[in-house]
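**Q** So this note's numbering is basically just the index in the sequence shown, starting at one, shifted up by 188.
Wrong hints could be hidden among the right ones.
[Claimed, not checked] Quick list of in silico lysine-lysine cross-link-like pairs, DSSO-like style, CA-CA up to 30 Å:
id : residue 1 : residue 2
1  : K342      : K263
2  : K466      : K410
3  : K410      : K342
If you are wondering where the hints come from, they were derived from the structure by calculation, not from laboratory data. Note that the structure is predicted; figures quoted are calculated from it, not measured.
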Amino acid sequence: GRRRRRLLAAAVAAAFVLGGVRYVVDLRAERHAALEARNDARQEAERADAVARFLKELFQASDPRQARGRIPDAKELLQRGSERLGRELRDQPVLRAQLLDTLGTIQTNLGLFDAARPLLEEALALRERHRGGGHPEVAETLVHLGALAQLSGKGDALPLLRRALAIREALGREDAGLADVLNDLGMTLATQGRFDEAETNLRRSLGLHERLWGERDPRVAKILHNLGGIALQSGRTEEAARLLEHAVAIREAAVPDDDPGLAGSREALALVRMQQGKPAEAVRTLEHL
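Go ahead and model the full structure; you've got the sequences and the hints to work with.
**A** Quick look at the structure:
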């Protein structure tokens, strides 16, 4: 009996020791994860500062107080930035990729598609090589390449956006990156007439947007507007009216009256009113424009 009690006491003591070891290991793992997160945040902040400095230096050339002679336009400034990146930051590939992605996105937004493409393609290659194929920055550039394909009419945005979505889903984070790529994929599917698939992605995006920012946020209104457009194109006029009314109400409460998004939702709602045979309501909606 005494021997059995000693063995039991030893087993209990061993369990406490092992539990203590596990506790120490867990603490070390948590500390290591916290340090990694802090380092990542610091590096990201440093890169953001470097990007801001680069762009500030680039656009100082358009300031009459800084420029010598003729002031260059935006296209020339972006060309200078691209040429400068061709020479600099070869030893800082992560920062270089960030700047390439930023400049490529700006050029896409300005309609400079041929200039944007090589920048975004190089940004993607650098991010895949130095961050890994499953990194959120890879998904970010894939989305920007998808936007370029969609706006330029060259290439297929769908495989780019599907890959970006796969990366976001594999990360397991229900964040803004996932919400946005779901919206982008949904809208791209809608342009191809694949309304059922489009709506599935947009509904997921809407749920995420509402959880992340609340049901009265203008970002939620954007998704409601997009869903209203799909409902209208699918012949569901009453549903389109409800969705667009909701989008208009959110935007009227949250943004200035001259906001472009609010104007777009009002115009879409007026179109629906006309299709419903309600011209007086359509006119009232447009009176705000």
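**Q** Which of the listed hints are not met by the structure?
**A** No hint contradicted; all consistent.
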